[in-house]
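Colleague: Chain D: place on chain V using the hints.
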Amino acid sequence: AQRVTQPEKLLSVFKGAPVELKCNYSYSGSPELFWYVQYSRQRLQLLLRHISRESIKGFTADLNKGETSFHLKKPFAQEEDSAMYYCALSGSGGSNYKLTFGKGTLLTVNP
Amino acid sequence: NAGVTQTPKFRILKIGQSMTLQCAQDMNHNYMYWYRQDPGMGLKLIYYSVGAGITDKGEVPNGYNVSRSTTEDFPLRLELAAPSQTSVYFCASRPSGGGNIQYFGAGTRLSVL
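Protein chains in written order, with my numbering: chain V, 1 to 111; chain D, 112 to 224.
Bound-form chain V, shown alone (with noise of 0.2 Å):
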């Protein structure tokens, strides 16, 4: 079976500050994880994935398989980064076309 958990429920933090969500997985394969966001009154969009190894709007991400974890992390949070954010993760093989979601992590960037 595979599962995804963040931790956090909620993350607060002010505009400059680091921030990191985040993400553990359980899967006994290798898997494929995502990052999706979910701006306020706009739809889910995937922000990064592990395999594109990209930053995006200077977020990162790395996989660390010994510890099964997938945190997203940026180094200067911005108002604008205050969103929901699903950590997810993708089988291989014959399960590779669904997608686990975690339960989400708000963020929210204080002036």
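Keep in mind the hints are simulated off the structure, nothing from the lab.
Among these hints, one or two may not hold up.
[Said to hold, decoys possible] Pairs of lysine-lysine residues, derived as DSSO-like cross-links and limited to a Cα-Cα distance of at most 30 Å, are as follows:
1) D:K168 <-> V:K73
2) V:K57 <-> D:K168
3) D:K120 <-> V:K73
4) V:K98 <-> D:K168
5) D:K168 <-> V:K103
6) D:K155 <-> V:K22
7) V:K65 <-> D:K120
8) V:K98 <-> D:K120
9) D:K125 <-> V:K65
10) V:K57 <-> D:K125
11) V:K22 <-> D:K125
12) V:K103 <-> D:K120
13) D:K155 <-> V:K65
Modeller: Using the frame of chain V, we list chain D on its own:
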């Protein structure tokens, strides 16, 4: 480019009523999905489809039905609405290749009273 379009945006149902949530995509994606989003619970997969004529149950299919007669459309049917089905429903789609990047609709907010 419309992407994934869901209708209606909002709906209030009485217990026992039925309705169909519409989802259409214009990206020629084979895979389509229905999720429900409950506060503090993330997204749960209701049903999915890997192509026209093929559907399968997800994590929480009870109380729902789907059909996929065309590549573009993937309607979700609630036959006997119950208060437990009050939620926000999201439709998503993805192409066959290129990894499991899903594209989401704007959602339908449903209240069953």
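Colleague: Run every hint past the structure and note whether it holds.
Modeller: Evaluation of the provided hints:
1. A threshold of 30 Å between alpha carbons decides the hint, and for D:K168 with V:K73 the separation of about 35 Å lies outside it, so the pair is violated.
2. The suggested pairing of V:K57 with D:K168 is violated, with an alpha-carbon distance near 35 Å, which exceeds 30 Å.
3. Between D:K120 and V:K73 the alpha-carbon distance is near 33 Å, which puts this suggested pair outside the 30 Å criterion.
4. Distance check on the hinted pair: V:K98 and D:K168 sit about 11 Å apart at the alpha-carbon level, within 30 Å; holds.
5. About 21 Å separates the Cα atoms of D:K168 and V:K103, which keeps this hinted pair within 30 Å; it holds.
6. At most 30 Å may separate the alpha-carbon atoms for a hinted pair to count; D:K155 and V:K22 meet this at roughly 20 Å.
7. For the hint linking V:K65 to D:K120, the alpha-carbon distance of about 40 Å lies beyond 30 Å, and the restraint is violated.
8. Note on V:K98 and D:K120: the hinted pairing holds, with a Cα-Cα distance of about 25 Å set against a maximum of 30 Å.
9. Proximity of D:K125 to V:K65 is assessed by CA-CA distance (about 48 Å); at most 30 Å being required, the pair is judged violated.
10. As the CA atoms of V:K57 and D:K125 are separated by approximately 43 Å, the hinted pair breaks the 30 Å bound.
11. Distance hint between V:K22 and D:K125 is unfulfilled; the C-alpha atoms sit about 40 Å from each other, more than 30 Å.
12. Proposed proximity of V:K103 and D:K120 is supported: the alpha carbons are some 23 Å apart, at most 30 Å.
13. Straight-line distance between C-alpha atoms of D:K155 and V:K65 comes to about 25 Å, which keeps the hinted pair within the 30 Å bound.
This entry does not satisfy hints 1, 2, 3, 7, 9, 10, 11, going by the numbered hints stated previously.
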